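Let the hints inform the model, and build the full structure from the sequences given.
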Amino acid sequence: MRYGFFPGCTLESAAEELMISTKKVANALGIELIELEGWTCCGASHIQDVDGFLATSVNARNLALAEKLGAPLLTVCNTCTLMLRTTKKELDEDKELRDKVNIGLRKSGLEYKGTSEVTHLLWALIKDYGLENLKKLVKRPLTGLKVANFYGCHIVRPPDIMGFENHKNPRSMEIIAEALGAECVDFDQRLACCGFHAVFPAEKEVMKLTAINCISPKLAGADCIVTPCPLCQMQLDMYQPDAQKGYSEDIEMPILHLPQLIGLALGFSPKELAINRHIVSAVPFLKESLGV
Amino acid sequence: MEKLVLRIHRYDGVNKWLQEYQIPYKKNKTVLWVLTKIKEEIDPSLNFTSACRHAICGSCAVRVNGTAYLGCKTAIDEIIETFDTNVLTFEPLKNFEVVRDLVIEWKPKVKKMKLVKPWLIPTKAGSIEKGFQQSEQEFSKIASPTDCILCGVCTSECEQLSVNDGVFLDPFILSKAYRFAVDSRDGSPEEHIQPVVENELWKCIHCMQCVTNCPKGIPLTDQIAYLRKVSMKMGAKGNQGARHAYAFYGDVKKYGRLNETMLPLKTDGIMSTISKRIPLAARMVYKGKINPLHFPKKVKGIEGIRKIYKYAQELSK
Ligand code: SF4
Ligand code: SF4
Ligand code: FES
Chain Z
0 MRYGFFPGCT LESAAEELMI STKKVANALG IELIELEGWT CCGASHIQDV DGFLATSVNA
60 RNLALAEKLG APLLTVCNTC TLMLRTTKKE LDEDKELRDK VNIGLRKSGL EYKGTSEVTH
120 LLWALIKDYG LENLKKLVKR PLTGLKVANF YGCHIVRPPD IMGFENHKNP RSMEIIAEAL
180 GAECVDFDQR LACCGFHAVF PAEKEVMKLT AINCISPKLA GADCIVTPCP LCQMQLDMYQ
240 PDAQKGYSED IEMPILHLPQ LIGLALGFSP KELAINRHIV SAVPFLKESL GV
Chain L
0 MEKLVLRIHR YDGVNKWLQE YQIPYKKNKT VLWVLTKIKE EIDPSLNFTS ACRHAICGSC
60 AVRVNGTAYL GCKTAIDEII ETFDTNVLTF EPLKNFEVVR DLVIEWKPKV KKMKLVKPWL
120 IPTKAGSIEK GFQQSEQEFS KIASPTDCIL CGVCTSECEQ LSVNDGVFLD PFILSKAYRF
180 AVDSRDGSPE EHIQPVVENE LWKCIHCMQC VTNCPKGIPL TDQIAYLRKV SMKMGAKGNQ
240 GARHAYAFYG DVKKYGRLNE TMLPLKTDGI MSTISKRIPL AARMVYKGKI NPLHFPKKVK
300 GIEGIRKIYK YAQELSK
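Quick note, the sequences are listed as chains Z and L, same order.
Be aware that the first sequence starts at 0, since it is given in numbering that gives the first Met the number 0, and climbs by one per residue.
Be aware that the second sequence starts at 0, since it is given in numbering that gives the first Met the number 0, and climbs by one per residue.
Because the hints were derived from the structure by calculation, they are not lab data.
From a predicted model like this one, the values you see are computed outputs, not experimental measurements.
Quick reminder that beta carbons are idealized off the backbone N, C-alpha and C, glycines included.
A portion of the hints provided could be inaccurate.
[Said to hold, decoys possible] Quick partial rundown of chain Z residues pointing at chain L, CB under 7 Å, derived from the structure: (1) 45; (2) 50; (3) 106; (4) 204.
Structure below.
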């Protein structure tokens, strides 16, 4: 399996641990990730507020780079996936727009043809790789670990663009976690928004959301949250101490990236997966539950 | 499946309780059919609203198993299949005051909606005698937002509203502002957009709940992006949301990538960043999550990206 890899800006900076763990896990699974040379920021759902056509053009360029590589494009970020898939849908359904965008792309020697699909690691594991193949490589079943699967908005909504599974009751995260031997807890905020995209203009409200998103799985008995999105991880982890300030009850909840959860089951140590970089430490409960 | 178990959140104005009913399952029936069946055959004290039964009046929206649906348009089979259960839990829409059982109060929302002047402010081009003609292309701009039936589904699921103290405008209100701002017969779009800017436009958290659940498929989040774009053109660029969007816009042009270290400074300004974000920055540096000295290098092909920017700018003129 070979993909054009679109890391997205956070993997180069504040979520570098996701880059580390994604590469480790992909390597162990035999998935070839070829980083797209010259990829740009997807706009993170902000550039369209300034110029919608530009946001489409910038992502058309990213898609064209994957097409040049002759591989589907894979990301590990919900918002990158949504931005790229939105662009692909717009261009594939509107020839006039595609022609207009391609005039700009040709100025940089590229063309969008529509030949590469856009997927997320979570979906690729289920659809392309196969659960049975994943199960075969589990060296350290996550028995006894209670995980709360926090999907994040942009991997399920809007369904006409994302569409991998039923957006009101998705199961992909649970399917993977259970294949790794973990126990999944049900909690109210499973499909909630982390608020990351408005953490500056809506700080007060987003901190409230962060607290609610941590308390809900805690009450459900989870050891940790796991998420397929670095932005959700950052919001819930990095800002947790700030969110705690508004609450008397203890909201402490470790937040893992999906590849880190997979990596633990494949036998890597928390350090190898850079779990020690998180603000809310996950190491004590991992020691307790898995002995690592 | 033989029966449906219906758990309904009841409220009599003072007390709240959960009441259970059972009815035989029937294929191809709607959510509204279930409620009507209970009211007509089991419990006439149950309150809910409905009128047209054809997805036109917008009055039958209700939450089932955790999300809002338009009752007369939604098949129970869809819900049974989604949640793999014969137990349906009914609640009134969220983010509204509840009057009785599943009945919600619209008055405060209508009052709030008036802020955006949801009526035409006519251009001078038209008159009572000549009328207000519109081309097909001009009409297509308002075709989608005029589909809104004020069902409240978008509001119910809006995650900003769930934590907001009530200032943030409900998605259908934002849509209403958009609808009049883009109408070719309206002579004063600013009068619809200015109140939107003054009432927390940038607090939308991009949760996509509104656009996902709207039974009329109205592209609410695109409309929000439009309102933001035009508000900045009108000069409202000094707020955090606009500065944040421009930080992304500028960084991609300059480097191709986002400079996350500089993002707070560009969004909040130096003083606010120093006073508010030092503890956050300190814990991130301590854990090795950010390197304050890391600056993105220009990506390969940056000249091409700048050409794309230039081209987009020319087109927008
Ligand atoms: S995308 Fe914005 S307006 Fe729509 S539901 Fe979410 S927060 Fe509300
Ligand atoms: S925008 Fe859609 S969901 Fe919201 S009130 Fe109108 S029809 Fe209902
Ligand atoms: S009863 Fe009128 S929209 Fe459902």
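Would the hint on residue 204 of chain Z be counted as holding, given a Cβ-Cβ threshold of 7 Å to chain L? 4 Å, holds
Checking hints one by one. Is residue 50 of chain Z an interface residue toward chain L, by the C-beta closer than 7 Å rule? 6 Å, holds
Hint validity - residue 106 of chain Z Cβ closer than 7 Å to any chain L Cβ: 4 Å, holds
When the least beta-carbon distance from residue 45 of chain Z to chain L is tested against 7 Å, hint result: With a minimum Cβ separation of about 4 Å from chain L (threshold 7 Å), the hint on residue 45 of chain Z holds.
Checked against the numbered hints above, the structure violates none of them.
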